[in-house]
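Spelled out from the first residue to the last, the chains are:
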Amino acid sequence: MTILAAGLMIAGTAFLLVAAIGVIRLPDPLQRMHSATKAGTLGCALLLIGVMIHDDSGADRIGWMNILFLLLTLPVGAQMLARATYVSGTRLEGIADDPLDGELDRATEPVEP
Amino acid sequence: MTAPLRRIRAGIVLTGIFLWDLVAASCDVARIVLSPRMRTSPRIVVVPIALTRPAAIALFAYFVSLTPGSTCLHVSRDRTRLFVHILDTDDDAATIARFKSHFERWIAELLE
Amino acid sequence: MTILYAAIGSGIVACALYMILSRNLVRMLLGLSLLATGANILLFLAGHTRSQQPPIIADGARALTNGPDPMIQALILTAIVIGFALTVMLAVLVLRAWRSEASIDARDVGTAEDLGPPRQRDPADV
Amino acid sequence: MSDAVLLILPVLLPFAGATLALVLRRHAGLATATGIATTALLTLASLALFLRATDGDPLPATVFGGWPQGFGIGFSASLPGVLLVPVVAVVTLATAIYALADIGPRRRRAGYDALTLAMVGAVNGAFLTDDLFNLYVWFELALLAALGLLTIDRRSAQIDGAIRYAAFAMLAATFILIGVAMVYGITGTLEVRSAAQAFADRPTDAATAIAAALLLGGFVLKSGLVPFHLWLPASYHTAPTTVAAVFAGLLTKMGFFALLLIFVGVFGVTGGGAGQLVPLFGVIAAATMLVCIAGALAQTDMRRLLAYHVIAQVGYMMAGLALATREGVAAAVFYMVHSIIVQANLFLGAGLIRRSSGSWDLTRTGGLMRREPLFALLFAVPVLSLAGIPPFSGFWAKMIVIRASLDGGMAWLGAVALFTGLLTIVSMTTFWSDACWKQSRSATQRRLPTSGLVAMALLSGTTVAIGLAPGWLWALAERSAQTLAGLS
Amino acid sequence: MTGMQTLSAGLSVILAIALVLAAWRMVRGPSFADRFIALDMLTAVAVGFAAVTTVLTGRSEFLDIGLSLALINFVATAAFAVFLELRKGRK
Amino acid sequence: MFAILLLSLVGACLVPLIARVVGRGAGLLIALFPAGLFAAFVSMAPVVERGWVTGEGRLWATGLGADATLRLDGFSFLFCLLVTGIGALVIVYAGGYLTDKSRTERTRFFTLILLFLTAMLGTVLAENLLLLLVFWEATSILSFLLVGFDSKSARSRRAALMALQVTAFGGLMLLAAVLMIGHVLGTYSMATAVDRASEIAASPYGNAIVACILIAAFTKSAQFPFHFWLPNAMQAPTPASAFLHSATMVKLGIYLLARFEPVFASVPWGRTSVITIACLTMLLAAVQALRAEGFKSALAYSTVASLGILTLLVGLDGPTATVAMVGFLLAHAMYKAALFFCAGSVLHATGLYSLRAMGGLVRFLPFTALACVGASLSMAGIPPFIGFISKEFLFQAQLESSWEIVPLAIAVIVNAVMVGVAGVITLRPFFLGHGKVDAVKHGETLSLVAPPLVLALAGLFISLDPEWITRVALRPAVAAVFGQAVEVKLEVWHGITPMLLLSGVVVGTGALIVGFWKPIHLRLRAVDRFDTLAVERLWEASLRAMIGTARALTGLVQHGDLRRYLLVVVAGMAALMLWSLAGAGVLPRLPDIEPVRIAPAVVALVGLAGAIAAARATSLLGAMITAGLTGFAIAITFLMNGAPDLALTQFSVEALVVVLLTALLLAVPLASPPTRNVAMRRRDAAVAVGVGVLLFAGIVDMTAGGGSSAASDYYARMSYVAAYGHNVVNVILVDFRGFDTLGETLVIAVAAVLARSLLKSRDSDTATSPPPEVHFAFATTARGFAWLLFAASLVILWRGHDQPGGGFVGGLVASLALAIVALAYGVARAERALRVDPLTLVAIGMALALASGLPALATGSPYLTHLWWEPGGWLPKLGTTMIFDLGVYMVVLGAVLALLFGLQREAAR
Ligand code: NA
Ligand code: NA
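Quick note, the sequences are listed as chains Z, G, X, D, F and R, same order.
Counting in this note's numbering, the first sequence runs from 1 upward without gaps.
Counting in this note's numbering, the second sequence runs from 1 upward without gaps.
Counting in this note's numbering, the third sequence runs from 1 upward without gaps.
Counting in this note's numbering, the fourth sequence runs from 1 upward without gaps.
Counting in this note's numbering, the fifth sequence runs from 1 upward without gaps.
Counting in this note's numbering, the sixth sequence runs from 1 upward without gaps.
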């Protein structure tokens, strides 16, 4: 059991680190978001499961709820941020044709000064 | 199959698909991020929605977004199209088809 | 560790003070908020804490043993909330100032002291 | 009434009143009634506490929550706290009466009553508490309530003044907070007696030196002492009259009280870790007196003029503290009592002058001697008292400070006080002459409200009473100094 | 120190590196969206810290914090997204 | 004696009310009161002859050194007689003089005069120096009110203020002197001070004491360079001038000098200064008296000259000088008051001011003319009037004293001028220049002529039969001043003496002056150097300069630039800490080095990096986010150092700050162009870093000191046992230190009131702007998230006593729930969802928190003593702390929402 817990924790942490590297390396905000929210979620979840396996002091309920809340909030937050990113006119890399053009108002200049 | 049972089945299937997608796509992201010559081909694609209930549409968008590599950018005001940002794809049609078969179908079973 | 925390707390305070000295009222406001944060680190050190245990009595125990100083945590908690209230209150004021002066530059927001030049007044004119 | 109840009332009553006023805020009349009733009860309760605390039979301290001494927050029924509480109540009562004419339904609905009561409760809390962190909390409460009162009309000058005030006060609050926490970190206690004990037993170290400097700076700012006074003349004058009167009476004195408590009570002025700061006190006091009396002389706007006088007076108190003698501390306490009443009264008077002549500017006021002789008489009391003319309270206050300077071997400080006194006479007599004596140069000539005159009569009467029987107050002030010094 | 605690201490260093990376993005931007994406990343890292601290101390109280953190930071993200959308129309 | 003083005070307040009822005769009736006092004093004469009597030393303010000890000796007695006697005449005269004034004004005048009379009596009777000071200042204030009695006139007000400011300056000097004497001797007794004069002079304060006393006396008695207020003070109604500014008040300076003669004589420069000043004053006043155009102003300058003579006499040593001083004091009071009465009558009758415009008034004012002649002869020192005797003594005193010839010469000249002035003011208005005045507005009345006649005749009778006055008043007075009995013999005829010769010279010169008055007068007037040299202008110029300096200084300090204000505070703080550290002369100790835990160290460094980034950020949003990063990192730091409650609270606060500040940033420009140049930024950074370094030193030293807290140990032990809570921090917050929390709760409540007052938008009750368009996913799920957050907040509240959480953070989380609603559906919807006004929530919460401590009071325990109820079984234990925490929760929730809704509404406008 301990080995499983340790493995899950290492994997989770690794995913978190990868996600963080993605946030640094990926070229535009929308791409970084994929890395941050999804890989981050998975990493957190794995880490928490590992902790729960290791710890039998009654943290299970809280741990699972913790995972649930992460799963609930991060994607919704990501969607909102994604749209806001688009709308606020941030430059996006590699998007050739934009089907949203005409569907959503987009700032011509980025909001960032 | 009775409606409740169908829903339960749909729920289980969705969870399974979702977990698999989460792990698989996270690994994809990891691969992309860690590759020395990091190359992505991001796209914004339009996914037509066959669902009608707002909750169902929201769930669809949620699943699309929860899967690494894709995020729902916008739901059209008439709720017929989903605009999805995809981190790395070469084939729009295949991606759309995957969304519809993986998620939309089972969400329809679950909620419609 | 203690020295590091002290340095970091003091450093945050220094940065905050630097921001407070700006003429942009929102920067000043952010600086004051940051000041409270930096101060809290310094406060934390007043507890001489080296334990990572929470100040919560474990199930079954009747007293806290080997825990950190709970008193200083209670004080910091109070300080955090008060700092928050003050920050937000200042935000409200800045927003009102912006509404009336259309500027957040402290040089433009000076109506309180803008009483015109003191009237020249002859002491013999009574 | 049990002693424990008596001790909590000066704080609990205003807070309960504030809560009720908040509930009733939409009904201006009911809010007014709440304010007045609470203030009247507060006055009675404060007097009762004062009488009980000074009747010879010692009144035990109360620790809230029923915890042993030192393990909870306590209120001590000792001087000078119990002396200041009734003074606060009298000023509050007078301003509440004055407010009947000055504070209309709009301001009431904006929370005037709740804010004032909260502030008074905070001031009383600061005067009574035995706990340094608790002191900090009361300062914050008083600050926020003051900001609320300052901006009650939402005028842009008020907003600006409030920003200036708030920026300074938040800086001060942080310094104070760190200072208090350091006292805790050094001594392991926040209770003034134990902290004083701990400081008395240990040599000065760097932490104590820094903590003392932080507390000094923070409370110097709160007291409006030079050079940290700049916020006060930048903000006080924007407040409505009644509010400015409460501020002038209470807020800076609250700050100065904290200086007394910390530098006499905790550190012990002549040593215990803060001795190296004491020489600065005299410089601060002298600079405050001179800079602020100059500020007053430069003004013709009554509110700004009085705002400067408010600080100049704190300079006298600081002079008392600077002497680091028991007599000096007693002088400071005496001066506080005098100043709280007189400053509030002056602002009330200024408000009535404005009401009658339509201007805050002294070059446009006048004629009140003829139109409102009673007012001219009532107003002369605080004017002469501030100017230090006998037999009003200010004469004794000033005399005691100068005498203490001589006895304390700092005659130069007494000389500065004397010189400031001269300029105060010039300023105040011109003020009275401009307001009451000279002909009115304005078209507006409104009658003065009775409530305003009643309020002033209350305060002027107190000033005269102190002036005619100063020995009684002096005895209390001496006992206060003894109590404070006994802490360390 | 048990083996798991040693592991946790090591993992916390990796988490710290992730934190530094996310913080770097937060400080550098360049767009506002980037900074908030970094906040989401930070949320995940903070929950991770809560988890390893639980192991390090053997006290589950720290997990409570992670629980609330997800919800709390969601509100910040939402507020910021709404801000960006509303802000676009104004200079 | 005390009774007399008290009676006088009460009478001053009550007796003038007669004037409200009685019209013309009021003066005569009221005058009975001072006359009665006069009689009372006269009846005490036998006692005074035997020595002096001490009044009752009432316990007044003994701790302050002030007691109500009075002392009536010969010198005081003389003053008392003058004050009450002349006071009675003044009131009689005023009754006739003030016929034009309304009853209110006359009442006011009589009140002021009687109050002044009381103050005078008090001053001369006071044995305690502080008591003397009290009355001394009272005379200044009353003089101020009387000079400015006609407040409509700007000249009056100006003169009054000038008089007050000069005499109050003197008063302060007297205060200084008294306090220094008290410091040196340990007592405020005047008698002791005089007895121990040499001790005073020998003390380090000796010179200062003498200087202060001299200045006080010179201001009051209008000596150079403070003489200028007196002629200006003639703006007072003439009866007041007669009383205050010639007969009584201005002599208080002389009184003081005479009392303290032993003191100032003990310092080497004492007598010289007094005599020098006296001579300067006499000369200057003499010239000005000749230049004076008006009746009253000529009298005023002659008064100044007379005061100079008195000062000179005090300054001279030897018993004769004292005799001369006492005699001249009496004589001058009588004849000068009479002359003022005459001047007043002329003014009253003609309304004319200038001496040159008058003439031939003897036809209209015959009795006044008679009185004027009598008084003038006395002033001129013509035998057999009393003035002659006093002048003889003057010359004798000078000849006998050890002084050189200069003062004598000056005295001769001045006395000649006095003769001249006396002649001019008698001859010109009354007897010369017939036809200049054809008619008068008012004729003579008994009230107007009786007082001057009485005084003029008294001057004559006293000199003809000086025995009574010498015995009753003069001899005791001289004895009191000189310190031992002196044989005083007043005689009109001494035989041919040097003094008589000098008198002859004086009268002769005086006659010449009378003859050539007009040319001399015009010639002197042409020389305007006297105007430019007038100290009056110097005084006003210095006032002006002072106000100019004040204004410049204030402009320099209070410049209005908030940045520089705050820089003063920050730099001042650094300076204070540096001073304190350097003054204590200690170096910070270093704590034991512990192994660095890498992860927490990195996290904390990220916090610092965030702060640095915030300080350097060029956009406000960037600054907000990076400052938030610091908060976030610090929260994780708390988490990793055993402070879960702090972490939770810090996280919640950071999130809320983002929510609230984004609302603010919606409205204001995000770009934050530099507002300071590079040099300013460098300086700011240096100062800020300085504060940081000093703080660091203090904190490090504190941690090196180690320490433990008895209170913390107690809480750790007792939290569960006595307060039923596992979470010690929460137990401290709600129980051990619940009183702090109560205050903090009020802080938050007040913030809410402030927000409501400032932000309540006008259209808050009507339709609001449409809800923002948000992402579909958010719009669909926000409600669910809100419920989730709300549920979480309740859990946090409920478990707070045992687990991380509690009312504060619960309230914060609950407010986040409604923040979500507001973000997704608009503020109006969120407000509806809340159902109650946030402020009502705040009020209820406050009521709960406050009330939770009340039940304990009923059981006799201190406030906020929490009561617990353990029902047993599966039911949880219940305590009043829960009510308290619930109150906190509600206040926080309501307050944050009030702030949030207000900000969002205002920002969206
Ligand atoms: Na003499
Ligand atoms: Na001689």
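The hints are simulated quantities; they were obtained by calculation from the structure and are not laboratory data.
Careful: at least some of the hints might be erroneous.
[What the hints assert, rightly or not] Derived list of chain F stretches under chain R, where covered just means 3 residues or more per stretch with a C-beta under 8 Å from a C-beta of chain R: (1) 24 to 31; (2) 42 to 54; (3) 63 to 76.
None of the values given here were measured: they were computed from a predicted structure.
Glycine included, every Cβ here is placed at the ideal spot set by N, Cα and C.
Hint check:
{"no.": "1", "hint": "24 to 31", "result": "holds (count 3)"}
{"no.": "2", "hint": "42 to 54", "result": "holds (count 5)"}
{"no.": "3", "hint": "63 to 76", "result": "holds (count 11)"}
Comparing the model with each earlier hint shows no violations; every hint is respected.
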